[in-house]
Amino acid sequence: MKNADLENTLQSRIEEAQQTGDKFGLFFLDLDMFKEVNDTLGHSWGDELLQAVSQRLHECLDSKGLITRFGGDEFVVVSDTLNDTGAGELAGKLTDCFQDAFELSGENVRITLSVGISLYPKDGDNAGDLLKNADLAMYDAKAKGRNRYEFFSQSLASQLQEQRTLAAQLHESLNNNEFELVYQPQFDLTSGRIAACEALLRWRPTREVFSVSPGVFIPVAERTDLILHIGRWVMEQACRQVKAWRELGIKIRVDINVSGRELVEPGYFAGLDDCRARYGLEPQDIGIELTENILIKAGSEALEELKKQREKGVEISVDDFGVGYSSLSYLKHFPVSHLKIDRTFLKDAPESAYDGALMEAIVNVGHKLDLFIVAEGVETEEQSRYCQDLKVEYAQGFLYAKPMPARELEKLLMSTN
Numbered sequence: 001m002k003n004a005d006l007e008n009t010l011q012s013r014i015e016e017a018q019q020t021g022d023k024f025g026l027f028f029l030d031l032d033m034f035k036e037v038n039d040t041l042g043h044s045w046g047d048e049l050l051q052a053v054s055q056r057l058h059e060c061l062d063s064k065g066l067i068t069r070f071g072g073d074e075f076v077v078v079s080d081t082l083n084d085t086g087a088g089e090l091a092g093k094l095t096d097c098f099q100d101a102f103e104l105s106g107e108n109v110r111i112t113l114s115v116g117i118s119l120y121p122k123d124g125d126n127a128g129d130l131l132k133n134a135d136l137a138m139y140d141a142k143a144k145g146r147n148r149y150e151f152f153s154q155s156l157a158s159q160l161q162e163q164r165t166l167a168a169q170l171h172e173s174l175n176n177n178e179f180e181l182v183y184q185p186q187f188d189l190t191s192g193r194i195a196a197c198e199a200l201l202r203w204r205p206t207r208e209v210f211s212v213s214p215g216v217f218i219p220v221a222e223r224t225d226l227i228l229h230i231g232r233w234v235m236e237q238a239c240r241q242v243k244a245w246r247e248l249g250i251k252i253r254v255d256i257n258v259s260g261r262e263l264v265e266p267g268y269f270a271g272l273d274d275c276r277a278r279y280g281l282e283p284q285d286i287g288i289e290l291t292e293n294i295l296i297k298a299g300s301e302a303l304e305e306l307k308k309q310r311e312k313g314v315e316i317s318v319d320d321f322g323v324g325y326s327s328l329s330y331l332k333h334f335p336v337s338h339l340k341i342d343r344t345f346l347k348d349a350p351e352s353a354y355d356g357a358l359m360e361a362i363v364n365v366g367h368k369l370d371l372f373i374v375a376e377g378v379e380t381e382e383q384s385r386y387c388q389d390l391k392v393e394y395a396q397g398f399l400y401a402k403p404m405p406a407r408e409l410e411k412l413l414m415s416t417n
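Under the numbering used here, the first residue of the sequence shown carries the number 1, and numbering increases by one thereafter.
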């Protein structure tokens, strides 16, 4: 059914409900990770999967409403008469029916479903509003982890409007050069010298009195292509800064954070190679930091590209280790050189037997895998001594230095190294 036909059918359902006083739900369905399946197995498999999905949805719905493919890997369900409780039960049934794998040409393919729900008449009295609001709720379900359902609400609409406004400001700030990199050094715990530094992004829009926290604007950027533009800016600025320091006789590695979107972007690593070359830098001059969640979700192509970078000599760090999947067994599959232990593990490790045991286990296994260990969030002398006793190689935290502008780090490097 074409989208225009769907809207006409939905409008007829609304007019019918106006006469009877019925309530009904509109469910916007999106297949999670369908693009990855399509790219990995091929478009013919993707088409076969969509047909199997349509059949399963019809079986699950059991003639209790209308189902239509909306476009791509999206479907719309218009239920029969249904209240809030019934809508939640039906959405749960729809997601549950995807627990079993799909058998395609002798292969088992697993895929999940994200569902957004709008209710008539509460969330709209016309087809356009009901579709738009269910679509917003579906994106909220995806943002909260996929394989779930969410209801539309006015607070959600306000939140998404704020995010759209923030995204527009981010785009404007890229053109107005309102971003800045600050640098937090990592110290060698044996020599006391600065071994490298992490480049951290700061946004200081001219219309704001204070800077906006990365915890606020980075998630917004990651939901759009803005993160790709910002990532390229960070890469360029970091390479330019390393070159400027080298011209002053300062040689130091700068590590940049790479998002999941950048990791799977075609040509990202070719762009990194090109950027280094334009500034006359070696692979060892710019390091990469990725969270363990990003690495675990990365496909084989991305991991192969990371392996090539590692073979060239690029230092690759697992950032914030311990706050995601927290599985040491994954580390042997990743082409990484450094393990950055999240600050939450170190905070109470000197006094807590439990936290101390976890910290020691991570350090020991990391060393067995020939990884360098970086302790993040070192704030006290006691924590520093604890790390030295564990033979942790590097420390990063306020005890040693806060993130600082390039000129300040330049002075620190000249005075300490």
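Keep in mind the hints are simulated off the structure, nothing from the lab.
There's no promise every hint is true.
Stated by the list, open to error - Pair by pair, the computed Cβ-Cβ distance ranges are:
| no. | residue 1 | residue 2 | range |
| --- | --- | --- | --- |
| 1 | H58 | N126 | 34 to 42 Å |
| 2 | E103 | E180 | 46 to 54 Å |
| 3 | E304 | V216 | 29 to 37 Å |
| 4 | D348 | G21 | 57 to 65 Å |
| 5 | V216 | R193 | 18 to 26 Å |
| 6 | D84 | E408 | 51 to 59 Å |
| 7 | G71 | D389 | 58 to 66 Å |
| 8 | E382 | K402 | 18 to 26 Å |
| 9 | Y330 | T81 | 42 to 50 Å |
| 10 | D274 | H58 | 25 to 33 Å |
Unchecked claim - Listed below are the simulated DSSO-like cross-link pairs for lysine-lysine, each with C-alpha atoms no more than 30 Å apart in a straight line:
| no. | residue 1 | residue 2 |
| --- | --- | --- |
| 11 | K142 | K122 |
| 12 | K64 | K93 |
| 13 | K411 | K391 |
| 14 | K35 | K122 |
| 15 | K144 | K122 |
All C-beta atoms, glycine included, are put in the ideal place defined by N, C-alpha and C.
**OP:** Using the Cβ atoms, figure out if G71 sits within 58 to 66 Å of D389.
**Re:** holds, 59 Å
**OP:** For D348 and G21, compare the CB-CB distance with the range 57 to 65 Å and indicate the outcome.
**Re:** holds, 59 Å
Subject >> Cβ separation of E103 and E180, checked against the hinted range 46 to 54 Å >> reply: For E180 against E103, whose Cβ atoms are near 53 Å apart, the range 46 to 54 Å holds.
**OP:** Mind checking the alpha carbons of K64 and K93 for me, to see if they're no more than 30 Å apart?
**Re:** Holds. K64 to K93 sits at ~12 Å (cutoff 30 Å).
Original post:
Are K35 and K122 close enough, with their CA atoms no more than 30 Å apart?
Top reply: Not satisfied, since the Cα-Cα distance of roughly 33 Å exceeds 30 Å.
Subject >> Proposed proximity, K122 with K142 (alpha carbon, max 30 Å) >> reply: It holds: about 23 Å lies between the C-alpha atoms, which stays within 30 Å.
Original post:
Would you say the C-beta atoms of E304 and V216 sit inside 29 to 37 Å of each other?
Top reply: Given a distance of about 34 Å, which is inside 29 to 37 Å, the answer is holds.
Original post:
Is 42 to 50 Å a correct range for the gap between the Cβ atoms of Y330 and T81?
Top reply: Because 48 Å falls inside the window, the suggested range holds.
Original post:
So does E382 sit 18 to 26 Å from K402, Cβ to Cβ?
Top reply: holds, 19 Å
**OP:** For D274 and H58, compare the CB-CB distance with the range 25 to 33 Å and indicate the outcome.
**Re:** violated, 50 Å
Original post:
When you take the CB atoms of H58 and N126, is the distance between them in 34 to 42 Å?
Top reply: violated, 27 Å
Original post:
In this structure, is the beta-carbon distance linking D84 and E408 contained in 51 to 59 Å?
Top reply: Because 56 Å falls inside the window, the suggested range holds.
Taken one by one, the earlier hints fail for this structure at numbers 1, 5, 10 and 14, listed in ascending order.
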